[in-house]
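Counting from 2, one number per residue, gives the positions in the sequence shown under our numbering.
No lab work stands behind these hints, which were simulated from the structure alone.
There may be inaccurate statements among the hints.
What the hints assert, rightly or not - Restricting the straight-line Cα-Cα distance to at most 35 Å, the calculated cross-link-like pairs of lysine-lysine (DSBU-like) are: (1) K168 / K141; (2) K97 / K125; (3) K48 / K125; (4) K48 / K141; (5) K97 / K119; (6) K48 / K75; (7) K125 / K141; (8) K79 / K139; (9) K141 / K97; (10) K48 / K97; (11) K168 / K119; (12) K79 / K48; (13) K125 / K79; (14) K79 / K89; (15) K133 / K89.
Claimed, not checked - Here are the in silico distance ranges between beta carbons for each label pair: (16) E161 / E182: 17 to 27 Å; (17) R122 / D43: 25 to 35 Å; (18) V44 / K89: 32 to 42 Å; (19) P45 / A151: 13 to 23 Å; (20) E61 / E99: 28 to 38 Å; (21) N166 / N136: 35 to 45 Å; (22) E111 / A140: 35 to 45 Å.
Beta carbons are placed, not taken as given, at the ideal position from N, Cα and C, and that holds for glycine.
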Amino acid sequence: MKKILFFAAVLSCLAACNNKKAEQAGGPSAELKAETGNSVSDVPVYKLDSLLKVADQLVEETVTVRGYVTHTCKHSGKRCFIVGDDQKTSFRVEAKGEIGGFNRELTGSELAITGIVKERRLSKEYIAQYEKEVNELKAKEDGTAETCEAELNSILSMREWMKANDKDYYSIYYMDGENYEIVE
Numbered sequence: 002m003k004k005i006l007f008f009a010a011v012l013s014c015l016a017a018c019n020n021k022k023a024e025q026a027g028g029p030s031a032e033l034k035a036e037t038g039n040s041v042s043d044v045p046v047y048k049l050d051s052l053l054k055v056a057d058q059l060v061e062e063t064v065t066v067r068g069y070v071t072h073t074c075k076h077s078g079k080r081c082f083i084v085g086d087d088q089k090t091s092f093r094v095e096a097k098g099e100i101g102g103f104n105r106e107l108t109g110s111e112l113a114i115t116g117i118v119k120e121r122r123l124s125k126e127y128i129a130q131y132e133k134e135v136n137e138l139k140a141k142e143d144g145t146a147e148t149c150e151a152e153l154n155s156i157l158s159m160r161e162w163m164k165a166n167d168k169d170y171y172s173i174y175y176m177d178g179e180n181y182e183i184v185e
């Protein structure tokens, strides 16, 4: 579970970097507005790449996000991960509301998922503790050094983002999904 959470943090790093650009521009750009539409229920619809640019402004808001399923949890189906058109950044969706679970057959499908945008903040202390654990694992020289290097690079990226944005935490955005439709 801890590795999955950290993996989500790493993949969210790119999205967090984009948040600063959106803030500097004074909010959503014209490009973002062009990609944002309205569904029948007047809930804003975002492609994942666009949502991640302004996720900090959408926390606790209900939106619809479109993305491609890359993974569903095989045991419980209680979460899935989607990517946008850039295929670089992953976004976690928790099965809540009308969603009983995500079945494995959804992998590769494009979904339009409506839910509430959430944020989890990783404190400086949490990141420091995790770095300590990664370094201890790396010291064992049991074949995990390559993985550890990638995780240490991600920790460095998080710290650089926190410094550049004058924050004492790193944000991970995800969604509590309420319902979804397969996009044909």
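Evaluation of the provided hints:
Only pairs whose Cα atoms come within 35 Å are accepted, and K168 paired with K141 is accepted, the gap being roughly 33 Å. The hinted pair formed by K97 and K125 meets the criterion: a straight-line CA distance of about 30 Å does not exceed 35 Å. With a C-alpha separation of about 30 Å, the suggested pairing of K48 with K125 holds against the 35 Å cut-off. Of the pairs offered as hints, the one joining K48 and K141 is violated, with about 42 Å between alpha carbons and a cut-off of 35 Å exceeded.
Between K97 and K119 the alpha-carbon distance is near 13 Å, which keeps this suggested pair within the 35 Å criterion. Using a Cα cut-off of 35 Å, the hinted pair K48 and K75 holds, with the two alpha carbons roughly 25 Å apart. Among the hinted pairs, K125 with K141 is consistent with the structure: their alpha-carbon atoms are about 25 Å apart, no more than 35 Å. As the CA atoms of K79 and K139 are separated by approximately 32 Å, the hinted pair is consistent with the 35 Å bound.
Our distance criterion of 35 Å between C-alpha atoms is broken by K141 and K97, whose separation comes to about 40 Å. Under the criterion of a C-alpha separation no larger than 35 Å, the hint pairing K48 with K97 is consistent with the structure, at around 20 Å. This hinted pair checks out: K168 and K119 have alpha carbons roughly 18 Å apart, not beyond 35 Å. Taking the CA atoms of K79 and K48, the gap is near 22 Å; set against the 35 Å cutoff, the hint holds.
Using a Cα cut-off of 35 Å, the hinted pair K125 and K79 holds, with the two alpha carbons roughly 29 Å apart. Between K79 and K89 the CA atoms are separated by roughly 23 Å; this keeps the pair inside 35 Å, and the hint holds. For the suggested pair K133 and K89, the alpha carbons sit about 27 Å apart, so the restraint of at most 35 Å is met. A hinted range of 17 to 27 Å for the beta carbons of E161 and E182 is inconsistent with their spacing of about 38 Å.
Evaluation of the 25 to 35 Å hint for R122 and D43 yields a pass: the beta carbon distance comes to about 30 Å. Checked against the given bound of 32 to 42 Å, the beta carbons of V44 and K89, roughly 26 Å apart, lie outside it. Taking 13 to 23 Å as the suggested C-beta distance range, the pair P45 and A151 does not conform, at roughly 34 Å. Between E61 and E99, the C-beta spacing of about 19 Å breaks the proposed range 28 to 38 Å.
At roughly 25 Å, the beta-carbon separation of N166 and N136 lies outside the given 35 to 45 Å, and the hint is violated. In this structure, E111 and A140 meet the distance hint of 35 to 45 Å, their C-beta atoms being roughly 43 Å apart.
Of the numbered hints listed earlier, those contradicted by the structure are 4, 9, 16, 18, 19, 20, 21.
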